[in-house]
Each structure stands twice: as structure tokens, then as C-alpha cells.
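Student: Next come the chains, spelled out residue by residue.
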Amino acid sequence: MTANRNGYTRRETLGLGAAALAAGTLGMPFVRTARAQAATFKAGVITSLSGENILGGNLTKQGYDLWADAVNAKGGVEVAGEQFKVEMFYGDDQSNPATGADAAERLIVQNEVDVLFGPYTSGSTIAVQPICQKYQVPMISGSAESPNVWKAKPEFNFGIIPAVDTTSGLSIGVLAKQSNPAAKTVAVIGVNEPFSKETGEGFRDGVAAAGLELAAYELVPPDGDLTPVISKIAALNPDVVAVGGHEEILINVVKTSKSLNFRPKALIMHYGITNPAFAQALGADADGTTGVVVWLPTVAYKDDVFGTAKEFSDMAAKKLGGEPDYTAAGCAASGLVLGDALKRLGKKPALTPEDRVALKDAIAETDIQTFYGPIKFEKDGPHYHDNVQPVPVLVQIQSGKVVAVGPKEAAAADYIYPLPAWK
Amino acid sequence: MDLFLQTLLNGLLIGGVIATFTIAFQLTFGVLHVIDFAVGGWVVLGGYLGYYMAAGLGVDGFLAIPAAFFLFGAIGYLIGPILYNVRNSRTARPELMALALTFGLFTLLRGGMLTAWGFNTRNVPTALSGESLALGPVTVPMIRVAAAVFAIVIAGGLFLFLYRTRYGLAIRATAENRQNAALMGVNIRRLSANVYGLYAGITAMAGVLMGAVYSVNPEIGLRYTLFAFFVAVLAGLGSVGGALVAALLLGVIEAYVSTYVGSSYSLLAIFATLFLVLLISPKGILRRGL
Chain A
30 MTANRNGYTR RETLGLGAAA LAAGTLGMPF VRTARAQAAT FKAGVITSLS GENILGGNLT
90 KQGYDLWADA VNAKGGVEVA GEQFKVEMFY GDDQSNPATG ADAAERLIVQ NEVDVLFGPY
150 TSGSTIAVQP ICQKYQVPMI SGSAESPNVW KAKPEFNFGI IPAVDTTSGL SIGVLAKQSN
210 PAAKTVAVIG VNEPFSKETG EGFRDGVAAA GLELAAYELV PPDGDLTPVI SKIAALNPDV
270 VAVGGHEEIL INVVKTSKSL NFRPKALIMH YGITNPAFAQ ALGADADGTT GVVVWLPTVA
330 YKDDVFGTAK EFSDMAAKKL GGEPDYTAAG CAASGLVLGD ALKRLGKKPA LTPEDRVALK
390 DAIAETDIQT FYGPIKFEKD GPHYHDNVQP VPVLVQIQSG KVVAVGPKEA AAADYIYPLP
450 AWK
Chain B
3 MDLFLQTLLN GLLIGGVIAT FTIAFQLTFG VLHVIDFAVG GWVVLGGYLG YYMAAGLGVD
63 GFLAIPAAFF LFGAIGYLIG PILYNVRNSR TARPELMALA LTFGLFTLLR GGMLTAWGFN
123 TRNVPTALSG ESLALGPVTV PMIRVAAAVF AIVIAGGLFL FLYRTRYGLA IRATAENRQN
183 AALMGVNIRR LSANVYGLYA GITAMAGVLM GAVYSVNPEI GLRYTLFAFF VAVLAGLGSV
243 GGALVAALLL GVIEAYVSTY VGSSYSLLAI FATLFLVLLI SPKGILRRGL
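From first to last, the protein sequence lines stand for chains A and B. When you line the first sequence up against the numbering used here, it's residues 30 to 452, in that order. When you line the second sequence up against the numbering used here, it's residues 3 to 292, in that order.
There's no promise every hint is true.
[Unchecked claim] What the simulated footprint calls covered on chain B by chain A, stretch by stretch (three residues with Cβ under 8 Å from a Cβ of chain A suffice, anywhere in the stretch; the number is not a length):
| id | segment |
| --- | --- |
| 1 | 4–12 |
| 2 | 219–225 |
| 3 | 236–249 |
| 4 | 262–270 |
[Unchecked claim] If you want the ones that stay clear, here's a sample from chain A, every Cβ over 12 Å from chain B, calculated:
| id | residue |
| --- | --- |
| 5 | Ala239 |
| 6 | Ser260 |
| 7 | Gln309 |
| 8 | Thr381 |
| 9 | Lys437 |
It should be emphasised that the hints constitute simulated quantities derived from the structure, not laboratory data. The beta carbon of each residue, even a glycine, is placed where N, CA and C say it ideally should be.
The shape of chain B in the complex, shown without the other chains (with noise of 0.2 Å):
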């Protein structure tokens, strides 16, 4: 029974951590229709900031998280106007040739990173790293703790923005039909630059996270970019809500198959939810997708 509440507790906290990067990836398509393949790639860069931050200032690693929001933020919005023309360009399927960019900028920030940084792991020290709490029989461990209410907040403060500003107004009308949004005197090319620059600010920011609970080093960024894609599937592309709902489902299940069945079935066992909603549900398990 001990066991049994550590797994539920670590799938969810797996879920939490998950959730992290995959909230800005839904919002990205949902605005812009690309499915952004850099999203490991942010998310790696995100952790060497944690890394050099907390290596070179000697600070605690997750004063990094503001410091990634506005870095990489700014570097999204510079980058959101060439992804929106590739996107919205006359030439022949558009969203591949978007497909392919996102592609090409997740193998140069790897191969930037590889050749800057070298292959060794890092690893971003924080005030809670290694800490836990014994609640019970349970223990609780108190980074991951951290990284899922980060989840919570990132996903609660998109929700009210999207839902009670202006902005966020013209942000789901644009995602909704582009060219009435535009109509309505909506800065498409602007909106679209600032919502990838706030998916690239949100997404290096769990990446200063990933460091803390994980560790970074250049290789690993193809297994976010994979894992964000699973779950946007799973919650029916481009929902915000149902990217939490995913996140935490596919925790809780690969922490009791690898718990109850074995480790080496826990991807299998994820690929087999993914069909089967896909087969049952193709919007997504909230039923939300576009």
C-alpha cells in the first residue's frame, strides 16, 4: 500500500514535470499552426542558463527562471516573425516548410550547443534540490513538488490571460480564424511574434526546472521535443487544458507500469494510450483539439 501511494505520488509529480513544457508547445500551435520541433531545444537552453548561472554567479539556480523568461524570450520574439512568413508563405504546404524550420533550428541549437558547451552533463543546483518531506508513508520530493505547481501557476495565468484580457481575446480569435481576426484589426504578425516569444520565454523556464530535477547536456533535448509531442496528441492539439489533464495521465501511468509491470514497458504502455485515444477520441482526451 506504501508502494502503491509513492506511485500515485510520482506519477502525478512526472505529470507535473511534463506539463512544464508542454503548455506554451499548445499555445504555439494553437496561434501559429506549427508544431514547433525546437521545443527540446528551448527547453535545453533554458537548463545551461540555470547551469552557468548557478556555476558562474554562484547563485541559486532557479533565480535563472525570470532571467530565461526574458532572454529567450526576446530571442522567440525575433525569431516568431520568420516561422509566421515561412508559415503563411505562398509557396506550396506551408506547414511543412514551417515542419522543416523548426527542424533546422532544433539541429543548429543542438549543434551550437554541443560545439559551446561540449557533451558533458550538467546539473542546476537549487535550494530544494534533494530535498524531501516524509508525509506519512510517502515521500515527497520537493523539486518536483516545485516544478508542478510551476505547471499549475503557468497554466492558470495563460488561462486568465487568454480568457479575461483583450489580448488573450485577439490571441484565441486569431487561433480560431485568422483572417476575421485580422478583419478585426488584429496585428497578426505581431500577435504571432509575441506569442513565440512567450512560448519560447515559458518554455526555457522549465527548462531551468528540467536542470533542477534532471540534468541538461545537449543530447537530451529530442526526448522534450518527443515527450511535448506525445502529450499535445494525447490532449488534442493546441489545448492548453487538456495539456495538464495528458501530462498527468501519462505520469501516473508510466509510474505504476514501471512500478507493476516493469521499466523496460513503460513507453510501450504510453504508445498504447496515445492509440487508443487517437483511435477512440481524435481531438484529444478533453475532446478540445483542433
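Bound conformation, chain A alone (with noise of 0.2 Å):
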């Protein structure tokens, strides 16, 4: 055995190289715990960053900051008397549901999160889910609306929004009560598609659920000419029509509509109303267009870290630039939903597995008041894990501006029905 220059033989030079190693790597773990004593609890956002997404992943996102910077102003989340900050991270699903799954995984491994706040779109969510399960870390999900998220019973996600086929279903029942003279027929028009199916489904059920009669039930493909439909139920002139879709059709249907000179006594839509772009494209056309949604800044509600709905409309119009919407306000409830459970749960962080279970629990547990209004979640049912509790806020396009017509303790303006002839 020959000894190179410096003394050392060949392999002690690799066993010296080897222990080194070995020192390192053991010296890890002791990093990481001074680290973490700096005694946060960890949220990981896993949200459209990227692709076609990237708005509404946005608007998630910068819902859940409102939170987590509103409550580390106040010194953090209180457990057992002391106060805990809150550590964001954050992974991109860039648009894509198995992308998120990857992103979230890393969430929890990498960077060790105590619980998930969930992605803008529905489709990422059910892709997230098995990952939280698989893991055991409880998700809270400020976005999702479509009701397949519940149907699965994902026993570690929870939802803030009302799945779309309760709110649909229950705007109906507003959109009656607020009518004069009183709506009787109602035709129902869906698109073949996820979430825009399920909102027609909301509709059609709620026709009967309010006691009106349904005209009609179209399912129409997302590809197909609206000419044919619209020619067959202005024929059977219902005093509604009920649209599920996306803000693409919605426009159509409006153009559409006009252009055979049919104008039913109410148009209702769901989603894409409140987008400015839908009155921009239509002008005037877009005029006494009825749509839902979840929540305005009007509506009456409180709790102590936001303060009533119009402060933090304001507060969040301060940061973001601009009047949030529902989905911004259904990710900042998201964290009180959160910051609610550690309290109940009392564990300081970082938090065991056990811990992570234990505030799973805690989760489903919630029974809060909050400036997006009642949180509380189902414990079985289609709706499982969902929070159902709010009601629609009925919304009309009047002048170009959205206000809201229903239910009457919300309403900022009368409701125009039945619609003047197009002009």
C-alpha cells in the first residue's frame, strides 16, 4: 500500500472523506430543528401561479396572504397564551391538476407544511386531495366550487364556498320570491362541461325545489351553435331562462338571444357575470343580466380579525388594487377557519402527525361567524366537508355596474323583472 504526498494511504483518505459525509448529513437534521424553533406554523399554498390559470391562482393566492399578513400584524395565531406567527410557501399547480399534485407533495415534504390551503380550480383540487390523504394533512379549500371535490369525501379537505349546484339551486328560490309578477316557468340551459354541467343540474333541481315548473332541460355541447336551443325555447316562451357556463357561452347567449329577437323575462347566470369583461363585451346588451354569487361587500357580517365585510373589502382593496371578489374573500375565511382550529386545538408548533390528524378534527369541527359570513362544514351527504351554510347574493347588471337585487336583506337596488324589449 503506497502513501500519496500529504501521508494519508488511499483508503484512509477515503474514510476520512466518508466520515465527513456521514458528519454532514447526520448534522443536518439538528439544522433543521434550530430552524424550526423559530416557532411558526407552516401553510403551503398550492394554487395556479403559472399557465392559464394564472388570474384567478392569483386571486387565491392573495386572499390567503390577507390572512396571514392580517393576523401576523397582530402578533400571529394565539395557542395556550402564547402567539405563533404564520410561514407562507407556496407551489405552483401551473394550471394543470397533476402538477399540483407533484407541487403539493413537495409542500408537505420539502417544506414540512402544517396544513394546505387549497388551488383555484376544481379540477386541482380533486388531484390534491389523495396527496393530503396520503399524507394526513389537512387542506382548507378557498376556491373549489365544483360539488365532485365533495362528492369523493375527501376526509382531510374542506370547502369555504358553497358548491355551485346549492347556489344555483337555492337562486332560483331568491330569484321567485323577488320577481313580481311572480316567475312560473323556468328553461334550463347547461353546458356539456365540468362545473357549467353541475351549475345547470343546480339549476334544473332548483326549479323544482322552489315550486316553479321546468320548461325545459338542454345540455348543449361546448362547441355547438346556440341558434337551434335558443329558437326552441323561445317557443315555449318560459318567463326564465337559467344559463350554466362559462362567461364564452354566457356571452353567446346574450348575442344570440338578441339576434332572434327573444327576450325572456329573466336571464340568470351564474359565474362570469361579475366579470367586467362580460358587460364590456356586451355594452349595453348586458343590461338586467341576473347572476349569483357568494359574497359582496355588502353583506352584512364580522369577526374579529377582519372586522365587518366593507373594512375588508377596503383593507384588500388597499393591498390588491382593487375591490376583491368572492373567491378572495372565501381564501382569507379559509385562514380564519385555520387560525380558529390551532386555537381549539392548543398544540404549539411545529406540529407531530398526530397533531396534524388531531387538527383535521378540529377542522371539521368549526362553527364560526365570520365577515364572509357562517362557516360550519357538512359531516356527510353529497356536500361532505363543504361549508353550505351562506346564502346566494342574486346580483343584476344595472347601467353596466353589478348590484345586489336579493335576498331583500342584501339588496343594494330594486330587482328589473320582467326586462324590457331589446332595444
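Take the two lone chains and join them into the complex the hints point to.
Tutor: Put into C-alpha cells, the structure is as follows:
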């Protein structure tokens, strides 16, 4: 065996190297523990920070951040008489559910988050749920609206926004009450794609629940032309036409109806009409269109962290440069649920795996009032772990602006019904 | 009976609308032997030009139609030679390479539009938007009539151009046999650039009308590509006259199935028709396809 110039044999050199490497690796956990002793709750936000859903993704991120900033400004979440700040970590699903699942796994394994805040889209939420289950990490979803999320009975996921079928269903009842003379017949158009179809089914079931007559239920393909369907419905002449679809279809429904000179007494659509692009695209033709939202800055709710809905809206507007919509509000309210559950749990960070399961159980027992409205999760049924408490607010476009028109206690203006003929 | 007549009119007008962006697509296939996946991209670009001219300059959307022809015609003229080179390269499978090129172009257009203009849905306002004419029991949507008239004028114009002019003769000769045409002194490369430019210009003009009839956003291009392809296959690839007939047929089928069977079956009926025609007459309904 030959010794090299500095007097070590090759075997000794290798041995020393291995020892150094081992020391480094073994040393790592201590470094980690030292860092964790800064004692914060770690929350992971998994949402669309790039790709086609970037705008909605940012909306959710901003909503979650609003809560973290607000609670940290007050010193943090209070647990057993001590305050602990919240540290936020972010994962990008790139507007793709499968990528979302990977990003969630990374947040859990690498960033060791105690809890997740859910994605913007229902598709990503459904993809992330099994990851939460696998690692037993609770997730609070402030944006997902598809009933399919809850049909899967996710043990570790909780939804703040009522599933779209419940809101669209209830809205028909609100509309029937606000209309004078009362609406009697309803035709429903649902686009045959996820979300839109469920919205249409919600409208359809709501018609029966409100004791109205269903004139027609039409499921249309997303790529089809709407003239045949609108002509058919025009021949039936229902009082109300309800549409479950995304923004593009909604715009095309209004354009096609006008070009066929068909104007129902009310035209109700769930999603998208609050997007300024809708009124911008249609100009005066958008006026009179009814929509459904879960939350508006004018609702009469409040809590300790954000104050009233109006105060939350002003604070958010200052930070985000525009009035927040119900997605941002739902995400901020997700934080309130977490804060409340951590307080009741009474465990200091960092949470052990057993603590996380206990946190999940604590979240399931949530029963609080917030600026967003009441929050309490369903314990069984098709909306398992979804918060179906809030009553939807009916809005109408009047002179290009979205105003609340029902139910009575939330209305800021009279409901225009029946709609005047096309100009 | 009223609904029956209204449905017939709806169907014919849907056909007229689909024909607008299919006619030039056929010409490109006939001459360049390329299935241009980018057709939906040109439609959407035309729609956006209409939107920006109407929103930015405050002019009527119809004024964007000639602007679309010159602007996108020029861009198509520049892209044409690239497509020609790929299609006639000596590497293996140039027809698939050309297909990949147009698919890439389509993806680039879609992504570029999404980045530049966002995903909001836009509308092209025109003097005829929302206008209707009551003709006895049926209501005639005027903007769709405008689109159908456009399709007929373009098809007629192309027909005259192809069969009554010297340059049209050169185009037909090239479509029939490229080598023979070249031997007769036709500059195939320049002719290909011209045809692609003509096609891009006409398709973008149709796009302005699509924005007025429906609406426009970067994601909808694929729908137009698919419909152009359905119609082209039904018409027989390369047959310009067949495109008009096939589009009208598909429109009428879609309208009647939607009204009397159910909207969810309309695409099924279209595919079934396509399948049957391919089975019985693989060269398209007029048996004029390549």
C-alpha cells in the first residue's frame, strides 16, 4: 500500500471523506430543528401561479396572504396563551391538476407544512386530495366550487365556498321571491362540461325545489351553435332562462337571443357575469342579466380579524388595487378557519403527524361567524366537508354595474323584472 | 311548423357561417397539399383585429374586414415559402413535417395571443349585430345573413378567379400536377406564397365575422380548426365548391338534431354523417376531393 504525498493512504483518505460526509448528513436534522425553533405555523398554498388560470390563481394566493398578513400583524395565531406567526409557502400547479399533486407533495415533504390552502380550480383540488390523505395533512380550500370535489368524500379537505349546485339551486328560489309578478316557468341550458353542467343541474333541481315549472332542460355541447336551442326555448316562451356555463357561452347566449329577438323576463347565469369583461363585451345588452355570487362587500357579516365585510373589502382594495371578489374573500376566510382550529387544538408548532390529524378533526368541528358569513362543514351527504351555510346573493347588471338585488336583506337596488324588450 | 322553418333557416345560416372559414382552407390543401392546423389561429387573429379596431378606433367592426385581408394576407405571404420548403423538403415524410409545422404555428399563435391579450372573451360590435328581421313566422338574424353572403361571395369570387383568369389556371395546374406546372413555367414557390397569403387573408376576414356572430378569445381557435377539418373531409379535401355544400349540410343537420332530438346529440350526428360519407364516398359528397 503506498502512501501519497501528504502521508495518507488511499484507504485512509476515502475513510475520512466518508466520515466527513456522514457528519454532514447527520448534522442536517439538527440544523433543521434549529430553524424550526423560530416556532411558526407553516402553511402551504397550492394554486395556479402560471398557465391559463394565472389570474384566478393569483386571486386565491392574494386571499390567503391577506389572512396571513392580517394575523401576523396582530402578533400571530394565539395558542395556549402564546402567539405564533404564520409562515407561507407556495406551490405552483401550472394550471394542471397532475402538476398540482406533485407541488402539494413537495410542500408537505420538503417544506414540512402543517396545513395546505387549496387550489383555484376544482380539477387541481381533486388531484391534490389524495396527497393530503396519503400524508394526513389537512387542506382548506377557499376557491373550489365543483360538487365533484365533495362527492369524493375527502377526509382531509374542507371547502369554504358552497358547491355550485347548491348556490345555483337556491338562487332560483331567491329569484322567484324577488320577481313580481312571480316567475312561473324556467328553461335551463347547461353546457356539457365540468362545472357548467353541475351549475345547470343545480338550476334544474332548484326549479323543482322552488315549486316552479321546468319548461326545458337542454344540455348543449361547448362547441355547438346556440341558435337551435334558443329558437326552441323561444317557442316555449318561459319566464326565466337559466344558463350554466363559462363566460364565452354566456356572452354568446345573450348575442344569440338578441339576434333572434328573444327576451325572457329574466336571464340568470351563475358565474362570469361579475367579470367586467362580460359587461364590456356586451355593452348595453348586458344590462338586466342576473347572476349569483356567494359574497359581496355589502353583506352584513363580521369577525375579530378582518372586521366587517366592508372593512375587509377596503383593506383588500388598498393592498390589491381593486375590490376583492368572493374567491379572494373565501380564501381569506379559509385562514380564519385555520386560526380558530389551531386555537382550539392548543398545540404549539411544529405540529407532529398526530397533531395534524387532530387539527383535521378540529377543523371538522368549525362553527364560526366571519366577515364572509357563517362557516360550518357538512358531516355527511353529497356535500361532505363543504360549507353550505351561506345564502347566495342575487346580482343584476344595471347600467353596466353589478348590484345586489336579492334576497331582500342584501339588496342594494330593486330587481328589474320583467326585462324590457331589446333596443 | 314555425319552429320547423326557423330551424331550417338556423341550419342554413350555421352552414353559411362555417363555410366562411372553410373555403380558403380547401384552396390551401388543393395547392400546397398541407392540412393547415393554423386555420383556427387566423380566424381568432381576425376576430381580435375586429375587436381592437372597434374598441380602439371606435369604427364599425365591418371596416376591419378589408384591413384583416391586407394585414394577415401579407403575413401569410411571408409564411407561405417556409411552409412550401418544409412540404417539399427531401427529408422523410414531408407531409407530416408540414402538419407539425402548422400545428406549431397554431400553438404559437394561441400562446402568443393568450400572453398578449389575456383570456377574456371579446366581442366585435357591428352595425348588424343583434339586428333581426321578422319574415312571417321566422326571425332572421342579420349578422349571420351577412356571414352567409360573405361565404357565397368569396366562393363565387374564388371560382371566377380559378376558372376565368390565367393565374387561376396556373393555380389549378399546380394543384393537379406540380412538376408539369413547373415545366410550363409556373413559379411554384411564388405561387405557393401567394396562395397561402390569399388563404390567410380570407380566413382572417372570416374571423372578423366570427367575432361578430359569436365572440373571440384565444382558446376558441381549435374549434374552428376542427370544424374546418370536418367540412373539408365531408366536402372532399381540396374541393372549394364541395365546402359550401358540406357546410350547409352540417349546419342543417346540427340545427334539426339540436331542436328535435337534443343538443347533446348534435355533434354525434355530425360525426355519424362524416363517417357514413367517408364509407360511401371517400372523395367527399361531390366526389371532387383529391
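Student: Look at each hint and say if it fits the structure.
Tutor: Hint by hint, here is what the structure shows:
no., hint, result
1, 4–12, "holds (count 5)"
2, 219–225, "holds (count 4)"
3, 236–249, "violated (count 0)"
4, 262–270, "holds (count 5)"
5, Ala239, "holds, 24 Å"
6, Ser260, "violated, 5 Å"
7, Gln309, "violated, 8 Å"
8, Thr381, "holds, 43 Å"
9, Lys437, "holds, 33 Å"
In this structure, the hints that do not hold are numbers 3, 6, 7, in rising order.
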